[in-house]
Amino acid sequence: MTQAAIDLTLLAVLAPFAAALIAPFLTKHLKHNAAWPLAIVPAAIFLHFAGFIGPVSEGESFVASRAWAPSYGLDYSVYIDGLSMVFGLLISGIGTFIILYAGGYLKGHPQQGRFFSFLFLFMGAMLGLVLGNNLLTLFVFWELTSITSFLLIGFGHLRAASRRAAIQALVVTGGGGLILLAGVIMIISVTGQTEMSALLASPDVIKDSGYYLPIFLLVLGGAFTKSAQFPFHFWLPNAMEAPTPVSAFLHSATMVKAGVYLLMRMHPMLGGTELWMTVLPVFGGITLLVGTILAVRQTDLKLMLAYTTVASLGLLVMLVGTSYERALEGAVLYLIAHSLFKGALFMVAGNIDHEAGTRDVTKLGGLRGAMPITFAAAALAALSMSGLPPFIGFIAKEVLYYGTWGAPSAAMALTVTAVVGNALMLVIAAAVAIKPFFGPKVDTPKHAHEGPVLLFAGPVVLSVTGLVLALFFTATGTMFVGPMLSSLMGTWTEVKLVLIPPYVNAPLILSLITIGLGVLLFLQLDRLRSAIAGVLTAIGWGPDKGFDQAVAGIVSLSAAVTRRLQGGKMQTYMALTFLATGAAVLVPGYLGGGWPTMPKMPVYTFYEWGILLVAVLGLIAVLIAKTRLTAIVSLGIQGFAVAMIFMLFGAPDLVFTQLMVETLSVVILALVMTRLNLSPRDHRKGGAALVTGAIAASVGVGIALTLIAISQQPFDRSLSDFFTEYSNSIAYGRNIVNVILVDFRGIDTLGEIAVVALAGLCVLALIRVHTTKTLPEEDQAPAPSGSAKREAA
Amino acid sequence: MRTLIFRTIAPYLSALMVLYSIFVLLRGHNEPGGGFIGGLIAASALAIFGIACGVAAVRRALKVHPMSLAGFGLFIGTLAGVYSLFTKQPFMTSQWWPVTIFDVEIKLSTPLIFDIGVYFVVVGAIASIALALEERESD
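Residue numbers (the numbering used here), protein chains in the order written: chain A, 1 to 793; chain B, 1001 to 1139.
Derived by calculation from the structure, the hints in this document are not laboratory data.
Using N, Cα and C, we set each Cβ at its ideal position, and we do this for glycine too.
Footprint (simulated), chain B over chain A, 3 or more residues, beta carbon under 8 Å: (1) 724-733; (2) 740-749; (3) 756-768.
Short, incomplete list of chain A residues facing chain B, as computed with Cβ under 7 Å: (4) Pro652; (5) Asp653; (6) Val667; (7) Leu671; (8) Ile753.
Next up, chain B with everything else stripped away, as it sits in the complex (with noise of 0.2 Å):
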């Protein structure tokens, strides 16, 4: 699998897969997409870098542990709905906080903190067991 090709291209290859992610994360509102592909798409891409440069690259880039990405991923999701607790409105109503920035309106809203939230989770457990099992034994 380490051919030179495939270890030349896929750190590229991992960033523009993250990149999309992160873009298909973001549309997925008005279309297809979303938190949950987005995280397939991440966790692929880090699968890919883990399988042509080694795990242990995969862990210097991430800094935290994939694990800790999903911790992170529930906390937000939940914090998200927490936060209508505080509007006196039932758990997880949604709250939207429309701006607008260069004549572009983008809503902020808790459902979009949520999708960065189970797009975290996602990312975090499929990577954490895909970079797992490319280990080898001795480390």
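Bound-form chain A, shown alone (with noise of 0.2 Å):
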């Protein structure tokens, strides 16, 4: 490979991105069919990842890298070996059809344009992630893919459904980005290293560091909330509200993917110790199971296939967490194989609503004269789940068996989680594809026919993929599986697949098992689904109740803590700003035992002191005042006596500033009692008047005596210098106090007029303010149009 070709990849991150530019005008234009061109777009870049398997195959790897920020040592960098190559290809392939379908899917609606977008950016964000060298890099896609399939979730933000599985999609995927934020940040300060590539070059560094229980479980809290692990499972069938292309490509093949991905990337340098050995497999183990279960009580088409995915992502969690060989070829099959058969049977299930108007498996049937085109692709993707031969979920279940049979410490159980996962999934995989089918013709809310090449071409293609790369197994183990469980291992593994088991061994005799088991449950579906729902009514608490009273927890909290704080009292806030004042400047005279000596007392004019006896007044006026207006103004006297002070001392641009400020403020404090409606007199009891009087003695002594102590230090005269000397020569001005505010200092000035006007602004909005008026909390949503209606699906 030439190294312009591999630096090509770095616009194959950036391609998407730029397509999400594009999109709105093509589909102004082009309407759906806007499907066709931007579906270019994915198809190049799956082309570009092609031509990198068949060096990837031979062992090598790859790094392109451009300089993003080189003073933090930062570049935007991608690393291609095996498992990147498999997940962008997955990424990158998976996404044309989900394009084209979304082209058919969304078909009339007023918003496509936007959609396609969205998908787009999610592409970019979900390449940049999983193709990411540089850990920072990583982390900022990881946050994108949270972000993006947010917008994605709530696409249909007139419902009130949809918005909450978005926002609840986002607090559980992007609060585990947080985490994970924290772990690369440790790992980094850990390593030294940024880099990926030279992070797998020395893989020990981080178990022998000492500081490996905290990297890990933080790495495991960003994984386990993305990849919907027990007990954060909650939020992805929840996100089933998104239209179903977006199910389709987010929760099936890659977004809930990029948790496994990143247990897979982290595999040599996390995994193998006891740790890891036991707390995945436990926590695999149980999504497993609790996935199938709940996944057997649904009879929405939907939420059936994504409580099969929650368990299927234990599954993997599960293998790799075995650290076996085996176990873990067994998991890169089985993720090939789920992103294929599971896209496709999102897409079915989109299909079936599409043209029949509903996904209720209970409503419907005979569907396969009217669909037959969606029914073979549904028939094929179903075998493929139901790990029967001759499809690639046939190969990876015989291998994970062998994983799981032969792994080195739990085998049993692991092997019976993984019998009855597996068969429970056939059981859901037979009712997606048979129950639709089969059976009596049923009356559906629409008159069923099958939908325009753009909605089936996709089922179709993933589906008869899923055929294909068993039907030529040789390949398909030395292109994609050998290398991406090369990245797993650390080491060059050779891997040989095959399609029919040589002899009878034990996997092949626990895939008779769970057929067994899966036709057995299947007969028994609607009893076992009303039992599964008896129980669960019984428990009648979960993880996402758990998430609502957990937000409605923090609201209270903080409402709580508001009302204590921000009580809404002014007199309060005065008070406590006031008493922090005082403590402030009189607390460190206390313990630093630094109390200023009384300077002496220096001779006085007899118009100083007449001056000062003015202040006096004032201040005695104020306090002895009947009525507030008068203490207002009394105040004033005092202020202009002090102005007086100033213009004795030679300060005229302070005199100035004085006198207009102290006459402002009497006239605001005026306006302020009157549009205010504030009582002329002040009632409070003597108590009150006691409590703050002794405030404004602390804030009053404090400041005098700070002064004081700030006066007998020796002047520094060094800066006065500077500005008598300079203010005139080189800024052009005599009033050094002007030339000071606009010139030497003028940022600082700028800074305070913006806070002026600012605080006008809010001043202005809380004059403004009508408190009787409160809004309506409820949905204000108007009623979804015809086209609207369809996002629903």
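Please dock the two separately framed chains into a single complex, following the hints provided.
In structure tokens, the structure reads:
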């Protein structure tokens, strides 16, 4: 490979973002047919990655990078090995058909262009995530997938359920991303490396560092939330509020696998320890069983598939958690197989919903005549999901049974969990592929017929790929599974796949047990469903409810804290502010024992005494004033007296300003009184006045002491000399104060006038507040129009 | 407050004060004065005019909302600072363009523009608060 071809990968990651920009314009002109030209983008990316298959399957890996923020040692760089290549192929390959499918599915939707944009943004984020070599860019793209999936899940934002699901997904996966950020920062500070490729070159650094446990837990926090592991699984089924193309792309093949990707990527660094081999299989196993059981309980096609996705992610985590080569091989195979059949089945469910008008499995039947192509795709994908030959799902299941059976520890528990989980998945596969298509024809809300090519291209290609990969099993093994497994193992590992087991071995027997159990359970599906429903109703509480309770708890906690801190009573605010001010000036002197010595009384002239007397009289007037207005005006007397003092000591600018400020504050305070209809008199009892008096005295004494202390310090003339010397010579102004304000310290003044303007705006807003007006809390969403209804699917 | 004498004299008084505020603003660089004080004087002028003749009259006379004066001031103040960036000097480096009109040298400069910006911010912010407070509940 030439370096130019490798560098092209940097552009390949950015290409979807560019496509996101042009998608709305194309859609405006071409309507839903914009899907055709737009699909060229992911298809080209797919071909680009396909070019890497040859060298990567010979054990090569590639790095391309550009300086991003060199001062921080940050590069925008991509790392291509077996793992990231397979993920890149899956994202771009499935993405191509998702774009086409979205064209058909949201045909005529007024916001179809925006939908394409969101899909592309997500695709770019996902590519950046799996290819990211730099740990920080990996984190940025990780959070970007959360944000874009928020946009996609909340696409039908007029419905409250859709908004709730979007926020829930964002809170869970975005929160997990923040945990991951902490982990990433720890990895960087422990190893001193920011590049994934450099970390992989010396994988044992983290395990030997003594910070393994916190790093392990933080990475797990990110991976488990993203990949919907129990007890964080609840957001994924709720995310089915999104239009079906989103579910098919994000919640089967790509985003939810990001957590699994992270675990696989970190396996050489973090895997193989006792902790890893205990925590991951336990949580993965629980997720597998919980997911399948909850899936059986559902009657909605999309929800059934969503819960089996949760289960499959659990299975993958469980297998990665064994750190056993064959189990990892099984995980790699199952990940590829699952992306293909689940993407196809989601699109099938979408087609049924789109054409028949419902996706409730109990209200569907006999569609195989009306929708033959969709039926064929559903059958192929379901066979792969059931793990029947000759599909990739079968090979995956054989290898993973081999892995659990031969696992170094807890082999029996792993195998039983896997068998039960797989049997239940077979039940769901059969329910999705058989129930709607066989049996007597049932009346559906819409007259069902086959959709256009945009709608069936995706499911057909994906399900057929599942068959092709299995038939060409040798190539699949050497081209995809081997290189990807090598990334997980950290060393080069050859893989030899077989489609037909050469002799009867344990995995084959386990497969037969799985199929037998699955068929048995499928025949009892209705009874099973009501039994599980009964148990769930009896429990009555789940993490989903827990999420609502947690959110409500946070809201009421913050409301309580706000009520405490922001009681809305001006007196309390002022008292606290001045109390803090008084403490700030008095406490240091008290603790440090640094009270200033009283200076000698200077000799004043009679007029200086006179002005001081006026100031004191003003203050006495404030204290004895009967009405508030008198007090305000009296305070003004004191202010004017201070201005006079400034004048006597030669500070004309200060005098000027002080006079204007005093005048305006008296005017504004008087206006505030009339505007707010304050009672003209102070009605507080003696005790309260005593408390505020004490606070006022503490501030006054404190400030006075501080000023005395400051004036006793030797005066440093260097600044004064500087300004005196230069204000006229380099700033051409004789008024030093003004020159400092507008020239020497201009930026300070700029900040201050910004504050003045902002304060003016805030006061204006406060004056205009009408507290009686409250906003309605419930949905004010207009009724969705006919075309907008479709997004509910 | 709305006595006949006050109402009659207020417009003239306000006009004089605004004129004086501009004088204070422009002399600021060499004599006591400057944008901040000038702005406060002008704001007092508007407040007096409002008390005497009603807020509606002030708003009519101003044409624009006083807050937009503050926004304008902040804008030209920032612009005065940005200018030096184009001459590859740090932000807010002062630029001088002295011109001579009728044998009097007038030093046009970015600090002058900046000071005018300060003036507008102070007038705008204080006058908006004062006028809003003077307005009755009914409007």
